[in-house]
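This is what each chain is made of:
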Amino acid sequence: MSLAVIFFAAIVTNNIVLIYFLGICPFISVSKDMETALGMGIAVTSVMVATVALNWPVNYFLLEPFSAQYLQYAVFIMIIAVLVQIVEVVVDRYFPVLYAMVGVFLPLITVNCSILGVILFSMIRGYSYVQSLVFAGGCGIGWTLAILAMSAIRMKLRFSSVPLPLQGIGITMIIAALMAMGFLGFSGWISL
Amino acid sequence: MIAHYLPAFMILISLSSVAGLILYLVDKYLAHYGRCRMEIRNAPDRSCIVDGGVSLLSCLNDMELYLPSSCGGKGTCGFCKLTVHKGGGAILPLEKIYLSRREIHANVRLACQVKIRGDISVTIPDELLSVKKYETRVIDIKDIARDLKQVTLDLQNSQTISFKAGQYIQLLVPGTDQLRSYSITSNPKYSRRIELLIKHLPGGLCSGFVHNELQKGDLLTILGPYGDFCADRYLNRQHITDMVFIAGGCGIAPVRSILNDLWDKRAQNTIYFFFGAHRVDELYFADEYIRRDNTDEQFHFVPAVSEKHQHDNWTGRTGLIHETIASYPFVPGKTVFFICGPDAMIQAVSELLLSKGHSQHQIHFDSFYSGI
Ligand SMILES: Cc1cc2nc3c(=O)[nH]c(=O)nc-3n(C[C@H](O)[C@H](O)[C@H](O)COP(=O)(O)OP(=O)(O)OC[C@H]3O[C@@H](n4cnc5c(N)ncnc54)[C@H](O)[C@@H]3O)c2cc1C
Ligand code: FES
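Protein sequences appear in the order of chains A and B.
Take 535 as the starting number for the first sequence in the working numbering and just add one per residue.
Take 118 as the starting number for the second sequence in the working numbering and just add one per residue.
Among these hints, one or two may not hold up.
As the list claims (entries may be wrong) - Here are the in silico distance ranges between beta carbons for each label pair: (1) A:Leu642 - B:Lys213: 20 to 28 Å; (2) A:Met689 - B:Pro242: 33 to 41 Å; (3) A:Leu642 - B:Gly137: 53 to 61 Å; (4) A:Leu700 - B:Leu336: 45 to 53 Å.
Hint data in this document are derived by calculation from the structure and do not stem from the laboratory.
Note that the Cβ used here is the ideal one computed from N, Cα and C, for glycine as well.
With the rest of the complex left out, here is chain A:
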């Protein structure tokens, strides 16, 4: 499958958050304003690409030759955790404002299911190294676009009179559902 198709599909038709519902937790919690959402999106995308870049060779050159694929989950999560630690230190050092804004959600990328999801999808679908990287980049950008769209809508919502019981998480879930329904319209167009 061509790289462009994989990339486009990962962003639009197979959007990791709106079609597969992975990575929902920060999608809901960190989407209050666009600046924070963009920072979080960049952090998630870089961790996604970096995990795939490391996990792919570990899987094919270390786990498979020794028939130790049953270690996949443990190894993948360990590598994700190390990467997130590094991203956390880098963001704290060079982008303190972003660090303060994303708060606890930055270390929580470790247990963000979209990251593990991306690496597992690329294994299951048997992507090559380059295909996996492109797929991870596409998924990250798709996640970022989705959270940006959500934060833009939530910023507009501040000026609307949402019924009291629906304010906050309630209306956010409904918006996420409507966005997902919109994106479902793309499904079947390209299948990965």
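Chain A is already provided as a structure; the job is to place chain B with the ligands on it using the hints.
Using the frame of chain A, we list chain B with the ligands on its own:
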């Protein structure tokens, strides 16, 4: 069997070692900020070299410069303000909640939110330079009412504390890193011991500890003194004829200290004391002030309760305290006001006074519960 699992075991060990090594290097070279120069502009002799990577608040604490804080550095009380001239980095969104536009412009920051990442230059509010840490022993705990205790603390190690009437201290809740503020209710002429009035808040960390666990003989650490809720600047000033104190509930704590100090200094101003409470049994020390009112022409005590019950033997005023004050014709420019208690009361009284033409500069207040 072992041979089957050995490679997996080796893979795990080697990957974990590599991961550990990478994290060690990242920690050493990226998470470490090395030694940084801390310049205190208004106390150059206290400038020094400190370890980077920690919050400015905790670094100043280590340097025995104690900024007020009641949230343990979580950025939820807004007390730890100071000016950062250089090296503070960008202002964080959380800080903007507690800083006015003018403060932001003047580089005021919350010390708990500033991380030391390099050389830094700060100015600490002058009055905080004299704040010290004191070890104290509880020598008396008295029940003043059902939900109010008076705690007397004796300073240890021959230390003395010099404070102005109306100031407060911060109490370190034993076994935690949490500080809570309590106004000093004793007379400033006693420098070896201080008294506090502590009201029980159900579920409250510090007030719960004081009411349920604190015993005579226990040791407590306090920091202080803090605050500028002080009336002595108006003492016997010709143009100020009336000094009006308005307290709600345990807001009486600093007022007691101020009144005793004013009387000791033979204040010539006429003093009014409006004391509001929900119930009659919350009019703490009222008998004492009624007696003084009867004997001192210069002192007027006006208690009021907002909830009167049938069995209460109460013939005084009822209603909220600002409604009571409204009927007094205080002259703008010649009267100063000191308000202490819950936020809602302070706001109601301030709005009333401003609407009657009193200037903002002559209304002083001490909010007990701001930001909590
Ligand atoms: C300058 C200053 C002077 C003060 N002087 C005194 C004093 O002389 N005497 C005195 O008793 N207190 C005084 N306080 C208040 C005191 O510092 C504490 O806030 C209070 O004792 C509660 O602390 P806590 O640890 O018991 O409660 P926390 O553990 O901080 O709070 C427990 C729960 O109670 C709620 N809560 C906290 N405070 C209040 C409140 N006031 N009303 C309703 N709910 C509340 C919180 O939201 C929380 O849910 C002063 C505060 C300031 C800022
Ligand atoms: S200590 Fe800084 S805001 Fe509370």
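Item to check | Assessment of proposed distance window 53 to 61 Å (beta carbons of Leu642 (chain A), Gly137 (chain B)) | outcome: 22 Å, violated
Checklist entry - Taking the beta carbons of Leu642 (chain A) and Lys213 (chain B), is their distance inside 20 to 28 Å? => result Since Leu642 (chain A) and Lys213 (chain B) have Cβ atoms about 24 Å apart, the given range 20 to 28 Å holds.
Item to check | C-beta pair Leu700 (chain A), Leu336 (chain B): status relative to the range 45 to 53 Å that was hinted | outcome: 52 Å, holds
Item to check | Satisfaction of the hinted span 33 to 41 Å by the C-beta atoms belonging to Met689 (chain A) and Pro242 (chain B) | outcome: 37 Å, holds
The structure shown violates just one earlier hint, number 3.
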